[in-house]
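Please construct the entire structure, taking both the sequences and the accompanying hints into account.
Quick mapping for you: the protein sequence lines, in order, are chains A and B. For the first sequence, the working numbering assigns the number 1 to the initial residue and increments by one for each residue that follows. For the second sequence, the working numbering assigns the number 1001 to the initial residue and increments by one for each residue that follows.
Treat the hints with care, since some could be wrong.
With the C-beta cut set under 8 Å, the calculated list includes, among others, these residues of chain A facing chain B [to be verified]:
1) Trp73
2) Phe76
3) His77
4) Arg140
5) Glu144
6) Arg145
7) Gly147
It is worth saying that the hints were derived from the structure and are not from the lab. Every residue, glycine too, gets a C-beta built ideally from N, C-alpha and C.
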Amino acid sequence: MEPLERYRPIVDDFEAFMAACRRPLGNAVRVNTIKASVDRALATLEEEGLAYEQADWNPRVLDLETDSPGSTWASFHGFTHGQEEVSAVPPVVLDPQPGERVWDCCAAPGGKATQLAALMDDRGTVVANDNNLGRISALRFNAERLGATSLAVTNADARNYSLSRFDFDEFDRTLVDAPCSCEGTIRKNPDALDNWSPDHISSVAGIQKGIIRRAIQATREGGTVVYSTCTFAPEENEAVVQHAMDEEDCRVVDFDLELDHAPGLTEWDGRSFDSSLEKAARIYPHHNDTGGFFVAKLEVTA
Amino acid sequence: MSHDNDGQRFDRLPATADERTVEGRATREEVVDYFADRFGIPPETFDAYTFWEKGAGKIWLYGGEASTPLEIEAIGMTCLRTRQEHWKPTTDFVQRFGRAATDCVIDLEPAEARRFAAGEDQDLERWDGDWGYLIAAHEIDGEREPIGVGLYVHGELRSMVPKGRQRDLEP
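As structure tokens, then:
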């Protein structure tokens, strides 16, 4: 927990934040509307005698009272998919529409990519890419179990991603759910901070900057890029978005989010960021009893 | 002109036999007819989808944009195994599209359904329809829900649910 001390100046009610980080998380699942309506998924859980609670901000996100959310009929049928509540936020912010071309550039193991497909009524093209071949088998397994027919799975480094394999040369929307130091997953992975170091953060941030730049380049003018991480480190969040604004044609835009959150930072460690970064969202574990997350929404301007 | 199947890439199925250039490759028409003839799934169910072959006889169903041939990891889902005497649909296909089926669907009681999901074979003398690959289903909230593919022979229903998809479900 010690690495989190450095966030004392930026987190409201820091003691509540630390207390929440020490509490384990419940079992969250997302209803996969590709295979069942919310009503049918809930009826399936009820028939199995499983209690659940729907999230206030999203009726497709459930807190499920079971020790084995993967061994239910609802899961077997692909009506539900284990996915942390905050992890369901970025696809909702990206807001993809049926028929669009959407890129999820760091997609494995596929929870968000299949959620994108579901939000598009499984119509259009979701290119689910990941650079890790091992994790792609999990992505493929989940895509097929969840019945996502609009997914195309590729294995490449997002930083120099080529669209030559497709007939089109730009995306309407892109999700950059970047590899990160994962501080915000501490409630799920108690060892998340074991390898924490400033050097690690700085090397991950370098990768994130490469990915977000390519994402903006590959997205059409007027299109949307959402950048998210499951970490608190401003070096991996606001600083990466600032870098994208400095190097590429884009701006940070507002979005509605019915989960409690803090605004993005405009200052950290003696460095200031563009005031538009206040439009980004920092979701802390004590806000909604979830994991931690950062989300920023960008509009591509050229 | 005839070519061999290249197992490393996705090739879109020819619409009909007249357009076939790769020996032994199923056509879109044959695939859609198979689902209609065997299971009564209306052909128009697949109007918005394309069918592809990668690997020998493995057919993929895809709803997005792509040009053929295509060398990527996956598109859509595997739906059918061809290039063998009896074509065999996949569990995931049956769960996604099997609600539209009217024929060769075997309805299982709760205990039978649990055995099926766990990958077990079971004696089921009551089936008097066709032998071969069937859609196994059970009832959820008063509606039929397909579970997966079973092979019915000699009074026995063999679960074809792949190992990684098998689950022990609570009664």
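Q) Would the stated hint for Glu144(A) survive a check requiring a Cβ distance to chain B of less than 8 Å? A) holds, 4 Å
Q) Do the numbers back the hint for His77(A), that is, is its least Cβ distance to chain B under 8 Å? A) holds, 6 Å
Q. Measuring from the C-beta of Arg140(A) to each C-beta in chain B, is the shortest one below 8 Å?
A. holds, 5 Å
Q: Double-check Arg145(A) for me: the hint is only fine if its C-beta lies closer than 8 Å to a C-beta in chain B.
A: holds, 6 Å
Q. Can the hint on Phe76(A) be confirmed by a CB-to-CB distance to chain B that is less than 8 Å?
A. holds, 5 Å
Q: Under 8 Å, Cβ to Cβ, is where Gly147(A) needs to be relative to chain B, so tell me if that hint holds or is violated.
A: Cβ of Gly147(A) sits 4 Å from chain B, so the hint holds.
**Q.** Trp73(A) as an interface hint toward chain B, with CB separation required under 8 Å
**A.** Check passed: Cβ of Trp73(A) comes within 6 Å of chain B, closer than 8 Å.
When held up to the earlier numbered hints, the structure conflicts with none and fits them all.
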